[in-house]
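*Asks:* Spelled out from the first residue to the last, the chains are:
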Amino acid sequence: MSPVLTGGCQCGRVRFAVDMQPFGVHVCHCRMCQKAVAGPFAVICPVLKTHFRITRGEMAYFHSSDIARRGYCRDCGTPLTFEYPHVEGLGVLVGAFDEPSRVAPEIQYGNESRVSWYGTLNALPGDRVTYADDPQMLHRISSSNHQHPDHDTEQWTPHPGGQPD
Amino acid sequence: MTEPQMPEGPFSGGCQCGAIRFHALALRDNPHVCYCRMCQKATGNLFAALVGVLHENLTWTRGKPAEFMSSDQAARGFCGNCGTSLYYRSIGGPHVSMSIGAFDEPEKIALWYQLGLEGKHPSLFHLNEIEEAGTTEAAMPEDAAVIRISNHQHPDHDTDAWTPRPGVLP
Chain X
1 MSPVLTGGCQ CGRVRFAVDM QPFGVHVCHC RMCQKAVAGP FAVICPVLKT
51 HFRITRGEMA YFHSSDIARR GYCRDCGTPL TFEYPHVEGL GVLVGAFDEP
101 SRVAPEIQYG NESRVSWYGT LNALPGDRVT YADDPQMLHR ISSSNHQHPD
151 HDTEQWTPHP GGQPD
Chain A
1 MTEPQMPEGP FSGGCQCGAI RFHALALRDN PHVCYCRMCQ KATGNLFAAL
51 VGVLHENLTW TRGKPAEFMS SDQAARGFCG NCGTSLYYRS IGGPHVSMSI
101 GAFDEPEKIA LWYQLGLEGK HPSLFHLNEI EEAGTTEAAM PEDAAVIRIS
151 NHQHPDHDTD AWTPRPGVLP
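Those protein sequence lines, which keep their order, are chains X and A.
Position 111 (the first sequence) corresponds to 111 in our numbering; numbering is contiguous.
Position 108 (the second sequence) corresponds to 108 in our numbering; numbering is contiguous.
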């Protein structure tokens, strides 16, 4: 049976498959989700653990509290999951899916730390696609892109993570 | 649209576990979101929210980030112990684009513009229409209490001493 959704980390070391339709996809504004993704909010897709499979590699975990752990790729850092080990579901970070546009949030949680400018995001100026004004730079990125493609691969050698200069 | 004032520094921040901490003397006037597919993957999220800090204004006060070269043009810094995405760095550029959510007071850094519209998730056009479930305390009071007493996230301020909880492999 082919999976309903697939995904993985930026470098491709960790790949996963989901064998069910998503349900209860949500925005979480809580400060712990903010820190895990280093952004103003996370978007999380709950799935049953029985319907979630790691298909390549393994996740590392940070226990953000005694009742929760967050899975990520140790080689490239991509946050992948949030879970309470004692419950039957886990949350997949929506940006890690190969096709995040298929997974839409229905509800917002953690409003105690919602940033005040959340609602103004769409009013911000900006109508540019990436490096629209610099096609040479776009070419330099695309011709040396080390990100895993947005589909499963038979063979893939992740570009190694490095340490700063 | 009138651009908001940039907040005055200095600023502090770090990763979720606290193994990496930084100071930024000042921010560049470019806080933005980037929806491009590479920023999505680096954060596991629908976009990166970034603000530039000139190299000379950035100090790593505890630990050093790991880096992943997302292309030959750019490195992505993250904490190897907890995974928090800390920055995007264009090779040879004058600044490091720091993740706004990694700052201790992200609320103070309002966004000015959007980039990478080819990757904008359809739901982001309708943010205000997503149903609200309220606060964590209200939505899940029992879990919130357990989280509060065993929270392993570094507090949102500098600490003299802090032992990060080690990340674990399965």
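Some clues are possibly wrong.
Unchecked claim - Partial selection, computed: residues in chain A whose CB lies under 8 Å from chain X:
#  : residue
1  : SER12
2  : GLN16
3  : LYS41
4  : GLY44
5  : LEU58
6  : ALA66
7  : MET69
8  : ALA133
9  : GLY134
10 : HIS152
11 : TRP162
Said to hold, decoys possible - Using C-beta positions, here's what the derived DEER-type ranges look like:
#  : chain 1 : residue 1 : chain 2 : residue 2 : range
12 : A       : PRO7      : X       : ASN122    : 21 to 29 Å
13 : X       : HIS139    : A       : ASP143    : 27 to 35 Å
14 : A       : THR59     : X       : SER144    : 38 to 46 Å
15 : X       : ILE107    : A       : LEU117    : 21 to 29 Å
16 : A       : GLN5      : X       : ARG128    : 22 to 30 Å
FYI, nobody ran anything at the bench for these hints, they're computed from the structure.
For each residue, glycine too, the CB sits at the ideal point set by N, CA and C.
*Asks:* Are the hints correct? Go through all of them and say.
*Replies:* Do the hints match the structure? See the list:
1. Among the interface hints, the one on A:SER12 is violated; its C-beta lies about 13 Å from the nearest C-beta in chain X, farther than the 8 Å criterion.
2. Against a cut-off of 8 Å between C-beta atoms, the interface hint on A:GLN16 holds, since the closest Cβ of chain X lies about 4 Å away.
3. Satisfaction of the interface hint for A:LYS41 is found here, the shortest Cβ-Cβ separation to chain X being roughly 4 Å, below the 8 Å cut-off.
4. Evaluation of the A:GLY44 hint against chain X yields a held restraint, the C-beta minimum of about 4 Å falling below 8 Å.
5. The restraint placing A:LEU58 at the interface with chain X is violated, with a minimum CB-CB distance near 11 Å, outside the 8 Å limit.
6. A least Cβ separation of about 5 Å between A:ALA66 and chain X falls short of the 8 Å threshold, and the interface hint therefore holds.
7. Because the beta carbon of A:MET69 sits about 6 Å from the nearest beta carbon in chain X, less than 8 Å, this interface hint is met.
8. Of the supplied interface hints, the one on A:ALA133 holds, with its beta-carbon coming within about 5 Å of a beta-carbon of chain X, less than 8 Å.
9. For A:GLY134, the interface hint holds, the least distance from its beta-carbon to any beta-carbon of chain X being 6 Å, beneath 8 Å.
10. Against a cut-off of 8 Å between C-beta atoms, the interface hint on A:HIS152 holds, since the closest Cβ of chain X lies about 6 Å away.
11. A least Cβ separation of about 14 Å between A:TRP162 and chain X goes past the 8 Å threshold, and the interface hint is therefore violated.
12. Restraint check, A:PRO7 to X:ASN122: a C-beta distance of roughly 23 Å satisfies the suggested window 21 to 29 Å.
13. Restraint check, X:HIS139 to A:ASP143: a C-beta distance of roughly 48 Å breaks the suggested window 27 to 35 Å.
14. Remark: the range hint 38 to 46 Å for A:THR59 to X:SER144 is contradicted by a beta-carbon distance near 30 Å.
15. For X:ILE107 and A:LEU117, the Cβ-Cβ distance of about 25 Å falls inside the hinted range of 21 to 29 Å, so the restraint holds.
16. For the pair A:GLN5 and X:ARG128, the supplied restraint of 22 to 30 Å holds, since their beta-carbon distance comes to about 24 Å.
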